[in-house]
Amino acid sequence: MRSSPLVATLAAGVLLVACGSEPDREAGDRRRVESATGVSISDLSGVNELVASDVRFTTDVLDHLFSQLLSEQADFAEHPPTFAPELASSFEWSPDRKTLTFHLRPDAVWSDGAPITAEDVRFTYEAQTSPEVAWSYSHLKDGLADVEVVDPRTVRYRFRESYAYSLVDANEGKILPRHVWGQIPFARWRESADWFREHLVTSGPFVLAEWRPGQHLVLARNDRFYDRALPKLDRVVFRIVPDAATHVDLLASGAIDFACGLTPSDAKRLAKSPDVRVIAFAFRQYDYIAWNTRRPPFDDPEIRRALTLAIDRQGLVDSLFGGFARIASSPIPSLFWAHDRALAPWPYDPREARSILARQGFADRDGDGIVERAGRPFAFELTTNSSNRLRSDAMVLIQAQLQAIGVAATPRTMEIHSLTERNIAHEFDATLSGWAVDTTLDLKAYFHSSEADGGYNFGDYRNNEVDRLLDATRRAASPEAARPDFERLQRILHAEQPYTFLWEPQRICAVRSDLTDVSPNALSSYFNLPEWRRLRATAGSR
Amino acid sequence: MTRLLLVRIAASLLLSWLVLTGVFFLLHLLPGDPGAAFEDPRVPRAQRERLREIYGLDRPLAVQYGRWLAGIATGEWGYSFSQQRPVGAILGETLPPTLLLSATALAVELTVGFALGMLAAVRAHRFVDHLIRACSLALWSVPAFWFGLLLFLLFAIEWRFFPAGGWREVGSRAGALAAGGDIGWHLVLPALALGLPAGAATARFVRATLLEQLSEPFVTSALARGLSPSRVLWRHALRAGLGPITQVAGLSLAALLSGTLAVEVVFAWPGLGRATYEALVARDYPLLLAGTAVSALAVLAGSFVAETIHAALDPRVRDA
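Heads up: the sequence lines are chains S and C, in that order. All residue numbers for the first sequence refer to our numbering, where the first residue is 8 and numbers rise by one. All residue numbers for the second sequence refer to our numbering, where the first residue is 0 and numbers rise by one.
Just so you know, these hints were derived from the structure itself, not from any lab. Watch out, some of these pointers could steer you wrong.
[What the hints assert, rightly or not] Quick partial rundown of chain S residues pointing at chain C, CB under 7 Å, derived from the structure: (1) R197; (2) T427; (3) A452.
[Said to hold, decoys possible] In silico SDA-like cross-links for lysine to any residue, where the CA-CA straight-line distance does not exceed 25 Å: (4) S:K275 / C:R51; (5) S:K148 / C:R51; (6) S:K279 / C:L50; (7) S:K148 / S:D176; (8) S:K275 / S:D521; (9) S:K279 / S:D524; (10) S:K239 / S:F534; (11) S:K279 / C:L148; (12) S:K451 / C:L149; (13) S:K451 / C:V42.
Predicted, not measured: the structure shown is a model, and the values here were computed from it. C-beta atoms are modelled at their ideal positions from N, C-alpha and C, and glycine is treated no differently.
Generate coordinates for the entire structure from the input sequences, incorporating the hints supplied.
What follows is the structure in structure tokens.
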């Protein structure tokens, strides 16, 4: 396949970049190779997901190189996510819901032509649970007693007990090629990224045609993919450009066709361009301020509520995000089925905030504009990570709003790892950060008292009823059965405000107008990449 | 000269050890633990501990240091946390682009620096001199990443004279000549971004050094003996001033090597500076340590080469 999209005419000093469509000369036919070029700040961290770093871009790419048994859908607004068939054409539960049987598609083969069988599924389970491989998410398989090969096309998962997310956990992870990757022992997997790359066979709609670390990677059509209609594009190129500030320029100039993770100001700039379409969509993420309940007065829920009332979150959403966010009211973002829609966010009410402070004994007795209690002024440090410009800007605006009710907040930015370490050690007053929420809605890590020592319950928030509800939602017989507990949990957290829930930022992608059927969603910006198409039928030059 | 060389090599080795030790302990003193690479709320603590164990981060710092130093002595830099590959392989991939960029930037620096510096010295206190001094001061004051971004936006995005970053075109598999041309074409903007500000500094240094030499009695004496001004400039003043200029050039190479970080990030140049930056973001300690150590060793090597050349050129240093 000819693939040299850059023609440099030195004499004329003109650079022509031909993207989009080009004749497939090597194939000897007149069919055009449809391609699209995107960009990423980070490179692929490996091709074996069990040992690669869990960077979002790596997951996004591997999603299209490898198939899972089932494909989780982003239809979780009204009910828990459903699953579409992928390598498994069907599945069935035993009456006690402790045995799950998958039937594999007969036409699924690896990119080298070898059939994908139940042995591959069993091998994947062995690798996922191997202490030598040490997959970060091996605990997701803790509920499984075993995975059995019934016949080459049938595999049976046996659970120790029935629980709400057993199907999600069984399906977690891409199926790996036993006939190739089984050649090296698990003990060597963590030092063999190059070997996996050199011995890569895939099962998804794409193969990795080229990967130049730090430069670009090229996904090309997998001709052996079971769905012959996919992918619609023959080739997808990702350029690795670490400076995110240049992505918008690359897109505007036509050097690339799509980019995600753009800022609201990028979106506003691109919205003026007739050649570019901006796609903003709700994502399963929220930002918050965590209050350290170990340090008075943040141990008092009333004080925390007063601070929330003093922050004009709608104003911040409008000024910082320009409409590309909405106010958050709970740790379950509003796009999820379990989000309590009856729960109204606390309003912006500085007068009520002042009243609460006064009731709790705070008053400005020395006339310096800052309220005190027992001689101690209400002053604290508000931290966030230095690499997030929006959060840094938000801190300054929040500082001014708190100043209006007589509270002195001092903003401080920190490198992300230092910030996390301090937060885990509870060495902070208040911290502005954000979480991405998994579709299983497991909130234990953030609010359970058992996660306060060395875990991610930064503010050392402790509430026995919350602990009970968090445990109950994990043990429920089905996700739907946990809905009342999720709602009760959200109401307690709303009332007690261990966090001030700030906003749910949208994800922003932008694509050249001739790229169609691009539908990013809360699971992945590139969720339906195999369905992307190009409208243009002739080669263009830029 | 041999004795001097041996002493310098011994001193460089000692300094290298001190630098490597400093780099190791300073990076471990940074707030945030190397194990932060494995921090993720969705990963249970026991699994995070298991990963720390696999990468040897659960050992006492002194043991980690001993293993790291012993590894380096045998050419083994360890495994990258974020890429699960030998750090040596990553160095092997990223060092050549960085060396190429640094060497080209050095060529730009020296060409621009010598040409403008000498012109300014010869035309001292005239319009050309004032112009060169003003321009070089302005260029010198500009941060490399900002200047790089400016070049990128103007010449790659706005006017599209040069490629918008990277070092090879996607899918380019042509022969060595075409590949060389491709890389060379991508090299222009980053090399200018790195080399021009450094060239501005060199120009000022060359001018000052030459003017100092031109005011020496031996120049007056040479001119009095009837030698042509150009011969005096090239054969006498420049040669006498070459020692300090060589030293600056040697240190420049080292500075350019370690200064590639920002330029490599802006131009998506797949070099060591960028790999080090990404290792820092990912808290990938083995790679971060290697990148920092190589930069530090490059400074030492540059300084060693410059001093040795200086000694070869100047008998006062050689015989000291």
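Going through the hints against the structure:
1. R197: OK, holds: R197 (chain S) within 7 Å of chain C, min 6 Å.
2. T427: 6 Å, holds
3. A452: It holds, given that the least Cβ distance between A452 (chain S) and chain C is near 4 Å, below 7 Å.
4. S:K275 / C:R51: With a Cα-Cα distance of about 44 Å, the restraint between K275 (chain S) and R51 (chain C) is violated, given a limit of 25 Å.
5. S:K148 / C:R51: 21 Å, holds
6. S:K279 / C:L50: Roughly 48 Å separates the two Cα atoms, so the pair is violated.
7. S:K148 / S:D176: Given pair K148 (chain S), D176 (chain S) holds - Cα atoms ~6 Å apart, limit 25 Å.
8. S:K275 / S:D521: Status holds; Cα separation ~20 Å.
9. S:K279 / S:D524: 21 Å, holds
10. S:K239 / S:F534: 14 Å, holds
11. S:K279 / C:L148: With Cα atoms ~23 Å apart, K279 (chain S) and L148 (chain C) stay inside 25 Å; holds.
12. S:K451 / C:L149: 47 Å, violated
13. S:K451 / C:V42: 12 Å, holds
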